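A.B. asks: So you can see what is in the structure, the chains are spelled out below.
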Amino acid sequence: MKFLRWLLGFVTLSALIIFIFAFLPVNTPTKLMLYLLICFLLSLYRILRGPTAADRSVATDIVGILIIGFCAILAVYTKKDWYIDIAIAWALQSFIGTLALAKFLEGRNFDE
Amino acid sequence: MMNETIALIFIIIGITFDLFGCIGLIRLPDVYNRLQASTKCVTLGTCGILLGVLIRFGFTAAGAKALLCIIFLLLTSPVAAHALARGAHKSGIKLWEKSVCDKYEEDK
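Taken in order, these protein sequences are the chains called Z and A.
Throughout the first sequence, residue numbering follows the working numbering, covering 523 to 634 in sequence.
Throughout the second sequence, residue numbering follows the working numbering, covering 26 to 133 in sequence.
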């Protein structure tokens, strides 16, 4: 049963990747963004299903780092460099938010 | 033209690492294992994408900002991961039952 679930996930994911790479009639940056969209969906599954609050915090941190990569790809293919400013600001906010969540998990107050 | 090809190769490597990290986030059994796999992998992947941006733009304003973002990400992401692991351990989340050792519990 466990092997069956593993096989189902493997076949679905590799079929999706090969379909996007070979058969979807879009240009290259859209393909790259579709791969990042798969990453977003996987971490969204962990946010929805995660058994504890720490799992959800980890997945939220991952989503923050993925958005930085998304902004970087947009900056390359639209040739507008202010997308990297958005990426830097997002990195700062994501770091502070993750630290606050970790302290909250630890059970301390914010002013210690 | 050469610049664009090398940048595309770096971006593809970065996206591959992102995908592996998110698969680790789904597959692994424990919050600590998930943290270990996904945070390192996704940080390396996003740094690869930003390195592609740096190669594509050269040392202009946009390239310098990408380099700044790489340095910031490499410095802060392990700190955030460590804080999350410490918070999870102190809030009483058990390890996976096949884990072999727990040094943090022994030191307390």
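One should not assume that every hint holds.
[Stated by the list, open to error] Part of the chain Z face toward chain A, derived, beta carbon under 8 Å:
id, residue
1, V533
2, A537
3, Y557
4, I560
5, D577
6, S579
7, V580
8, A581
9, D583
10, I587
11, I595
12, A597
13, L621
14, K625
[To be verified] Listed next, the stretches of chain Z that the computed footprint assigns to chain A, with coverage defined by at least 3 CB atoms under 8 Å from CB atoms of chain A:
id, region
15, 561-575
16, 600-614
Calculated directly from the structure, the hints in this document are not laboratory data.
What you are looking at is a predicted structure, and each value in this text was computed from that prediction instead of being measured.
Every residue, glycine too, gets a C-beta built ideally from N, C-alpha and C.
A.B. asks: Name the hints, by number, that the structure is in violation of.
C.D. replies: Checked against the structure, the hints that fail are numbers 1 and 2, while the rest are satisfied.
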